[in-house]
Amino acid sequence: MNRMISRLSEQQNLWPWLLLLPLSAYLLVFFAVPLADVVQMSVTEPTLGLQNYEKVLTGSLYRKVFLNTFMTAGIVTLCCLFVGYPLAYLMAHTSRRNAMLILLLITMSFWTSFLVRTYAWMVLLGNNGPVIWLIQSMGFEEKPHLLFTRFSSTLAMVHILAPYMIMNIYSVMQKIDKSLILSAESMGARGASLFRHIYLPLTAPGIANGSVLVFVICLGFYVTPVLLGSPREQMAAGLIGHQIEEFLAFGLGSAMAIVLLGVTLVILGIYHRRFGLDKLWG
Amino acid sequence: MTDPRFKSGLILPNRRRFLQGSAALAAGALAMPYVARADDKVLYINSWGGPWLEAAKANLFDPFTAETGIEIRTVSPVSFAKLAAQVKTGVYEFDVTTLGGGDIVRANEAGIIEDLEAPYEGGLFQNGVASHAFATVMAWRTDTIKGTPKSWADFWDVERFPGGRSLQRYAARVLPIALLADGVAMEDLYPLDIERAFAKLDEIKDHIRVWWTAGAQSTQILRDGEIDMIGIWHGRYFEAEDAGAPVAMTWNQAEIDRAYWVVAKDTPNMEAAKLFVEFATSAKPLAGFASQAKYGALNPAANEFVPDSAKSRMPTSPANYPLAFEQDMSNWGGDPHEVSARFDEWLAS
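If you read the sequences in order, they're chains A and B. Per numbering that gives the first Met the number 0, residue 0 is the first one in the first sequence, and the count goes up by one each step. Per numbering that gives the first Met the number 0, residue 0 is the first one in the second sequence, and the count goes up by one each step.
Some clues are possibly wrong.
DSS-like cross-link-like pairs, simulated, lysine-lysine; straight-line CA separation at most 30 Å [as the list claims (entries may be wrong)]:
(1) K145/B with K63/A
(2) K54/A with K149/B
(3) K142/A with K149/B
(4) K142/A with K145/B
(5) K54/A with K145/B
Bear in mind the hints are in silico, worked out from the structure with no lab data behind them. Values in this document were obtained by computation on a predicted structure and should not be read as measured data.
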């Protein structure tokens, strides 16, 4: 009888794994195998060896583009934080109705296609667009160049990625125990001091989650910097595409992709050791 | 919860059936591209979109289908890398594509295009069948550029013609233009003096706001006034003019490229693909295609079917051709590959 029960529970324990089978098969076919292919290409194209990695790590163009990629991702993350934190605060501390309204506005932009949002910025920031018109109607003679600059691509990426930051911070702020704030106040903490010593540390997990998500997603951005950015400030994904399209350099492009993936994994690894990756999903 | 199915083990077979079902579905979805590709009544052609596609559909694709019963579907965008990847992976997204003079030498050397035969006298170059000529011309906004720029030297003259500039991000086309701007005569261009070209490019670099990479993009930035002067394909220029944008162009020092039809190496649709290339470069269809899109037909037999009214916008017309020059990829002056790589580094620096 006992053996029967234990066999039954073993069988039941197997079920969750069986249910994972379709997903695992899918990931294996569409993710693991192609990724292995990319790794293989990076060391075999055009000849066997590590020369592609040598080129990526020592070539001035690649180093420059990688540095620029990380710098851009860093700037975008900071901008998202500065834009997102106050907005999340507002959402967490206003009435439920207003919070839902703000959330709706944010998610509406979030659900709009990536490409559409990128093109929308082209129209908005264009030479005959409303932003330039506004600047000129304020009395500035010279037309400023907004499009095809670091400014325009950064702005668009912040717009696209800010919702990730806002949702992460908001979900943490919402759970903060109000009595902690009250007791801090009763101990005499006010304004800036209350924020710095109590509120900010309590929201730190949300900031960390949001920042890691935004930073990592931004590292792989392709369309937005290609369409809106300046040619001098290329990002890694754009260069990988260009290497393959223009030079058929599948090996070099693969090596760049693997380096980018490696660095991203290192960042996630550091994050995991400090905060735990599972926290990313709430 | 009285439904007997939810008791005992009866639910398990159902789940299993569900899993089997979804596995079959997934296998079906995986096999789909092959099922679709096994249908030899469909030919897939890589499309440039825009005015090219309109003209090709009306004069090449639809008549070809009417004549042979082979349906044509288009795949965008034009991608040299995809052509190479197809041969490597054996999964074909398109069977036929067009390549410019610079790319065809590379494609033929890389062995990614099929060996073809000349359908008309002198029509074959590096296993591509010559179809039509198109040009990179200088164009500008008439609302912001005062006066009439006449040559690429004027394009470089930001004092006389202030404003934002744009060129294609394509070294093979940009370097000859830089040399012309530096005073080299059209007949003395090739082989190119690469060093001199880069030195001249340094002068204009800060004024190039966009290095365009797609035809539609070049029309858009000219039409919307994002830049004031541009080196643009002539077909894309006329698209902006016909849309009513305040723009003008010159045929002077226009840079002519030839486009060639090629067949992807080892494509499962070989016969239909070869049939199409022959059809597309035969006199009447080519004449219709060239007349509508204002390309210069390269099969001489086509020219008698091209109406005079269409010729004024063609780079190969008797009036325009003497003003223009042709790209000479066989005497280019360097390894285009290496020069492209250097051009990229130069762009990012």
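Comparing the hints with the structure gives:
1. K145/B with K63/A: 39 Å, violated
2. K54/A with K149/B: Cα-Cα ~43 Å, so violated.
3. K142/A with K149/B: 26 Å, holds
4. K142/A with K145/B: 17 Å, holds
5. K54/A with K145/B: Roughly 47 Å separates the two Cα atoms, so the pair is violated.
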